[in-house]
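Chemist: Let chain A serve as the given structure and place chain B on it in line with the hints.
Those protein sequences? They're chains A and B, same order as listed. Counting from 29, one number per residue, gives the positions in the first sequence under my numbering. Counting from 29, one number per residue, gives the positions in the second sequence under my numbering.
Warning: the hint list may mix true and false statements.
The list treats identical chains as interchangeable, and a pair is accepted whether it falls inside one copy or across any two copies.
Okay, derived cross-link-like pairs now, DSSO-like style, lysine-lysine, Cα gap no bigger than 30 Å in a straight line [said to hold, decoys possible]:
1) 364 - 463
2) 463 - 410
3) 286 - 463
4) 463 - 68
In short, the hints are calculated from the structure, not lab data. No experiment lies behind these values; they were computed from the predicted model shown.
There are 2 protein chains.
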Amino acid sequence: MSYDPPMSNDDFRRAGHDMIDWIADYWESVEDRPVLSEVKPGDIRSSLPARPPESAEPWSDIIDDVDELIMPGITHWQSPNFFGYFPANASPPSVLGELLSAGLGVQGMLWSTSPACTELETHMLDWMLDLCGLPERFRSTGPGGGTIQDSSSSSTLVAILSARERVAGQWRMGELVAYASEHAHSAMLKGCKIAGLTHQQIRLIPSDADHAMDAVALREAMVDDIADDRRPFFVLATSGTTSSTAFDPVDEIADVCKDFGAWLHVDGAFAGAAAVAPELRFVNAGLERADSYTFNPHKWLLTNFDCSMFYIADKGPMISALSVMPDYLRNAATDKGSVIDYRDWQVPLGRRFRALKLWFVIRTHGAEGLTDFVRSHVEMAKGFDAAIAAHPSYEVVAPTRLSLVTFRHLGGDADNERIRDAINNSGRAYLTHTKLNDQVVLRAAIGAVRTEQRHIDALVALLDELS
Amino acid sequence: MSYDPPMSNDDFRRAGHDMIDWIADYWESVEDRPVLSEVKPGDIRSSLPARPPESAEPWSDIIDDVDELIMPGITHWQSPNFFGYFPANASPPSVLGELLSAGLGVQGMLWSTSPACTELETHMLDWMLDLCGLPERFRSTGPGGGTIQDSSSSSTLVAILSARERVAGQWRMGELVAYASEHAHSAMLKGCKIAGLTHQQIRLIPSDADHAMDAVALREAMVDDIADDRRPFFVLATSGTTSSTAFDPVDEIADVCKDFGAWLHVDGAFAGAAAVAPELRFVNAGLERADSYTFNPHKWLLTNFDCSMFYIADKGPMISALSVMPDYLRNAATDKGSVIDYRDWQVPLGRRFRALKLWFVIRTHGAEGLTDFVRSHVEMAKGFDAAIAAHPSYEVVAPTRLSLVTFRHLGGDADNERIRDAINNSGRAYLTHTKLNDQVVLRAAIGAVRTEQRHIDALVALLDELS
Chain A
29 MSYDPPMSND DFRRAGHDMI DWIADYWESV EDRPVLSEVK PGDIRSSLPA
79 RPPESAEPWS DIIDDVDELI MPGITHWQSP NFFGYFPANA SPPSVLGELL
129 SAGLGVQGML WSTSPACTEL ETHMLDWMLD LCGLPERFRS TGPGGGTIQD
179 SSSSSTLVAI LSARERVAGQ WRMGELVAYA SEHAHSAMLK GCKIAGLTHQ
229 QIRLIPSDAD HAMDAVALRE AMVDDIADDR RPFFVLATSG TTSSTAFDPV
279 DEIADVCKDF GAWLHVDGAF AGAAAVAPEL RFVNAGLERA DSYTFNPHKW
329 LLTNFDCSMF YIADKGPMIS ALSVMPDYLR NAATDKGSVI DYRDWQVPLG
379 RRFRALKLWF VIRTHGAEGL TDFVRSHVEM AKGFDAAIAA HPSYEVVAPT
429 RLSLVTFRHL GGDADNERIR DAINNSGRAY LTHTKLNDQV VLRAAIGAVR
479 TEQRHIDALV ALLDELS
Chain B
29 MSYDPPMSND DFRRAGHDMI DWIADYWESV EDRPVLSEVK PGDIRSSLPA
79 RPPESAEPWS DIIDDVDELI MPGITHWQSP NFFGYFPANA SPPSVLGELL
129 SAGLGVQGML WSTSPACTEL ETHMLDWMLD LCGLPERFRS TGPGGGTIQD
179 SSSSSTLVAI LSARERVAGQ WRMGELVAYA SEHAHSAMLK GCKIAGLTHQ
229 QIRLIPSDAD HAMDAVALRE AMVDDIADDR RPFFVLATSG TTSSTAFDPV
279 DEIADVCKDF GAWLHVDGAF AGAAAVAPEL RFVNAGLERA DSYTFNPHKW
329 LLTNFDCSMF YIADKGPMIS ALSVMPDYLR NAATDKGSVI DYRDWQVPLG
379 RRFRALKLWF VIRTHGAEGL TDFVRSHVEM AKGFDAAIAA HPSYEVVAPT
429 RLSLVTFRHL GGDADNERIR DAINNSGRAY LTHTKLNDQV VLRAAIGAVR
479 TEQRHIDALV ALLDELS
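Just chain A, with the same shape it has in the complex (with noise of 0.2 Å):
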């Protein structure tokens, strides 16, 4: 029984040419392209055979049903005119980092099962502390350090699993209690459920009128919990909530958990990546005194997803918490205790090599190209915030200090509604929605690799035509 590799290494290289140019030429013309997927429920899937095929088939087929069968359902994540959610954005020399990571198909669980994939990461991380003005607190050389998780969902969850292990054995499960805004995002209830939290362990702390974190409230509910004999033992503050970019008071915040013990995660997945620029780097106000952090160059910094880079003051909770050591995984590196083994870092075992695209990423563009990246859609939200805040039938709802503006219609939920869904039905913009005091508000995200002033000009016709 022999195995004859359907595509052999020439095969493989007239074929990964041409999909080097698809993507160029996916590039070059995805602003053209409807931004949301015009199909409905059940299309994709009706369009493919019910069973698999019993022979190989020809690459040139496989191809062709890319065109005809999957880009149909494709919502262009990558077009200029892309303002929903927080941008993905995926530039040229991340995509080939990922393509060598996946050439190279190396794990990285162990140090010693591709030492460069550890030390290229931690190395990053390093870079990134200074790249970005972050507290020294995370730099590998000391009790802490940083990784690349595959989201900040997976961050707070390895916080708050850290926070967990380090009153372990001192409180009771039951008695815990995580605090954080009610515009923390989901991955903070999300995380607590996971860990084992019921709802009932979890306060959701009322903000103030700019969306942030209210840290006298904060302390009342501690206060409240331990007169109820419960253990306030984790607060996740947000740097740039999902809704709004508010930004909650660390400093003050940190205060807080200082006088009752608990583990402070400072949740700055959007917004970190501002910290590039160092007039902006207000973003960071406070991280030296948290016990974690995390912020995702896959959503603002170029680098394609997953790359949610996460750092932690002490590392000992955290591999105290996730290490589990078989016989099958010992190696004389990790037994002489001299490597970082990232396993344990981690939900997951297996790891690709991540860091290869952030290195890209970092050295075609050098600190001062990232800046200017970041600075490019900082000044196109001004812009796009004036224009806004000086048209009749719009308002601005929430302070623009980044990149994402949130407005609305004046005239209420309905009209607002209705404009959202005409801009995505129209397939030259879309956006996403949210609440802000009760009311849905519109948000322009802008953050794409191709956007340009021109496209944000044509978003605001877009909105004028629709008032």
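Modeler: The following block gives chain B in isolation, referenced to the frame of chain A:
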């Protein structure tokens, strides 16, 4: 402030073609490289600049550094002489799937964020059901279905969380007990810890002479626990253990689970892929009674990491455990309940378009090609097993059921460690060890994409030299 991309589309075409050729060249030469990286801890980091670059660097410098600084730190998982752990076989079409996924850069967290990403994934899970002869209860058209996780660690965690959710409100967290064989993967312990169970809530059941779980001992453990007011809620059965591809008696274990109301999760991470060959479907025994099941095409089915199939018979408890719906993720399709939103099937929110690579692998190979691939490794393993059995200095220590051969030198643990290190340090092959019956045992996991009979012959010759 404008952003000037350092890599234009035309630059990307050139660099991309070069990268494709680099990878093809690498695959052509990987056989001649020392399999295990020879660097010492810190070697890679010390070769890198301490600080990130201020300005953009030319692409040619970066690629030169890949060759000079990174490659010495690579342990070559794609080498035909890699026999460690389990294989992580990255075939050419799967690498192109990863590339396309990165180039499209879409998010599959919700159906609406790119319908094709969700629907192709659902379709591939159903195709895999057909290819492997898996039970109909896992088909997407029923109350259950499947998804792609990053690893079986995550699959196991999702199974544990689903099982925990099913009994929530009925039993208290601290009463729950989970069970697996002493040879279950470390992901079992890790998943239980993450879910908030203590060591006192996990039972590792003894195994029989073939290292398979003793179902009678499982039943006894549950009886004891119930007498102790504890609640058996979860059992992990392994189809193909990491140490020796032992098969737990899933059918007998299912009887016990049924009697005590426990969730049955089957971990076929490595061995499950064998089911593409009808004569190897013993690996599926008892699966029709499992609540959930996982196996990894990223191990032995030509698909680059990450691609772990996770099937569940009733998705209700999982969705209930993992769904959190904030306003900013609400959309019409989800609200109508007419679609799958895979964010509710996993820990992270974001997700890549991983189904593309599986689609490419299945279509380029067809059922026939996949079957040939798996059969070729099983045949090579049988031959290797026979060579070891016939050698005066070695013995096979567990039945070679698929493509993993566990064996040892008759001289004792020190000899086996010496031989393992000598092989690995020779650069000519790479294998890892485990412990069975308290003895150090060598593992030859056959399954790399480019492994041919001559590589097995060379391994036998090397073992003979070292005997």
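Chemist: Okay, which hints does this one fail, numbers in order?
Modeler: Violated hint (a single one): 3; every other hint is consistent with the structure.
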